[in-house]
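Novice: Those sequence lines, one after another, are chains A and B. Quick note, the numbering used here runs 1 ahead of the 1-based positions in the first sequence. Quick note, the numbering used here runs 358 ahead of the 1-based positions in the second sequence.
Hints in this document: simulated from the structure, not taken from any laboratory. Do not take every clue at face value.
[Unchecked claim] Derived list of chain B stretches under chain A, where covered just means 3 residues or more per stretch with a C-beta under 8 Å from a C-beta of chain A:
1) 374-380
2) 384-396
3) 457-464
Ideal Cβ positions, reconstructed from N, Cα and C, are used throughout, including at glycine.
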Amino acid sequence: MPLEMFPRQSDDASDEDIVRRTLLDKEAFVFLIERYEAKLTRYLERLGLNVPEDREDVLQNAFIKAYKNLNSFDSTLLFSSWMYRIAHNEAISFFRFKHARPQVVLHEERETLMTELRDDTADASLFTEARLSREELAKAFQTLPQAYRDVLTLRFFEDRSYAEISDILRMPVGTVSTLLYRAKRALRAALPATFSL
Amino acid sequence: MTMTSYDQQDTCLAKRVLSRIEGGHLVPRPRWEFIARNCLFWVLSALAVALGARAFSMSLFEVENVDWRLSAASFFWIGVLALSIGIGYVTVRRTDHGYRYPIAVVALGAMLASLALGACLYAVGL
Numbered sequence: 002m003p004l005e006m007f008p009r010q011s012d013d014a015s016d017e018d019i020v021r022r023t024l025l026d027k028e029a030f031v032f033l034i035e036r037y038e039a040k041l042t043r044y045l046e047r048l049g050l051n052v053p054e055d056r057e058d059v060l061q062n063a064f065i066k067a068y069k070n071l072n073s074f075d076s077t078l079l080f081s082s083w084m085y086r087i088a089h090n091e092a093i094s095f096f097r098f099k100h101a102r103p104q105v106v107l108h109e110e111r112e113t114l115m116t117e118l119r120d121d122t123a124d125a126s127l128f129t130e131a132r133l134s135r136e137e138l139a140k141a142f143q144t145l146p147q148a149y150r151d152v153l154t155l156r157f158f159e160d161r162s163y164a165e166i167s168d169i170l171r172m173p174v175g176t177v178s179t180l181l182y183r184a185k186r187a188l189r190a191a192l193p194a195t196f197s198l
Numbered sequence: 359m360t361m362t363s364y365d366q367q368d369t370c371l372a373k374r375v376l377s378r379i380e381g382g383h384l385v386p387r388p389r390w391e392f393i394a395r396n397c398l399f400w401v402l403s404a405l406a407v408a409l410g411a412r413a414f415s416m417s418l419f420e421v422e423n424v425d426w427r428l429s430a431a432s433f434f435w436i437g438v439l440a441l442s443i444g445i446g447y448v449t450v451r452r453t454d455h456g457y458r459y460p461i462a463v464v465a466l467g468a469m470l471a472s473l474a475l476g477a478c479l480y481a482v483g484l
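Working from the sequences, and respecting the hints, build out all of it.
Specialist: The following block contains the structure:
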C-alpha cells in the first residue's frame with residue numbers, strides 16, 4: 002500500500018496493512034501497540050504475571066521483539082496469533098529466568114470455564130447446584146501442568162479457535178485438541194470432591 | 359481510544375516502546391534472513407533424508423552380502439538411519455509451518471522417504 006493511501010483514520014486499517022506501513026514508517030507501530038496493549042496485558046495476567054511492572058516489562062519486550070521481527074510475520078497467519086505467540090514466549094522466558102511458577106488468579110473467567118466443564122459432564126445438575134468459589138477453581142487450575150493451563154487459557158478465556166491456538170503455541174491442531182481434552186479432565190479431577198464428577 | 363493520527367498516540371507503553379526503538383536505533387531484521395533460515399531448515403531436512411537413504415542402502419548391502427547378525431556395521435547403519443529420521447523430524451518442525459504437521463506424519467514421512475530413496479540407491483548399486 003503506498004504511503005499516501007494509508008488511512009489516517011487507522012481504526013479501519015487491517016493489522017496486516019499496519020504491519021506493511023510500519024516497515025516504511027516506524028511510528029505506525031503505535032497503532033498496533035494501541036490495538037493489542039489491553040488484550041495482551043489481560044492475557045499475560047491470565048498466564049500468571051500478576052505484578053504490573055513485570056507485566057509491562059514483558060509486554061514492552063514482546064512489542065520490541067515483534068518490531069524487530071516484523072519481516073518474519075507470515076501473512077497466512079492472523080497477526081493476532083503471531084503477536085500472542087511472541088507475548089506467550091516472552092512470558093515463558095520471564096518465568097524461566099525468574100525460576101518462578103506462574104500464580105494464576107481467575108476473575109470473570111470462572112463462569113466461562115465452569116460452563117465448559119459443566120457441558121462435558123454426565124450429570125450437569127450437580128454442577129449447577131454446587132457453587133465453586135473463584136479461589137477453589139484457581140487453586141485447581143494452578144495444579145495443572147503449564148501445557149494444560151496454556152490451552153485452557155487460550156480456548157476459554159481468550160476465545161481462540163483450535164487453529165489459532167495451534168499457531169500461537171506452535172503445535173498441530175490435533176495436539177491442541179488432545180491437550181484440551183486432557184486439560185479439562187485433569188481440571189475436573191483437581192476440583193474438590195463435590196465437583197469431581 | 360480512537361486512533362486518528364500519530365500525534366495522538368501518546369499512551370505510556372506506546373511512547374516507551376517507540377523511544378526504545380529510536381534510542382536503540384532498532385530496525386526490523388531483513389526479510390531475506392528469515393527466508394534463508396527457513397530454506398536452511400528445509401535443506402537440513404533433505405540432507406537428513408539423504409543420509410537416512412544412504413544408511414538404509416548400506417544396511418541392505420550388509421544384509422545381502424555380509425552375515426548381518428555378526429556385523430557391527432549393520433547396527434551402525436540402522437543407528438544412522440534412526441538418527442537421520444530424528445534430525446529430519448526436528449528440522450522440519452523448525453521450518454515456518456512445520457509445527458502444523460502431526461508428529462506421526464513427519465516422522466513417518468522422513469522414514470518412508472529415506473527407505474524409498476535408500477532402496478533406489480541400493481537398486482542402482484550405490
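Novice: Starting from the hint list further up, note which numbers the structure goes against and sort them upward.
Specialist: Of the numbered hints given earlier, the structure breaks none, since each of them holds.
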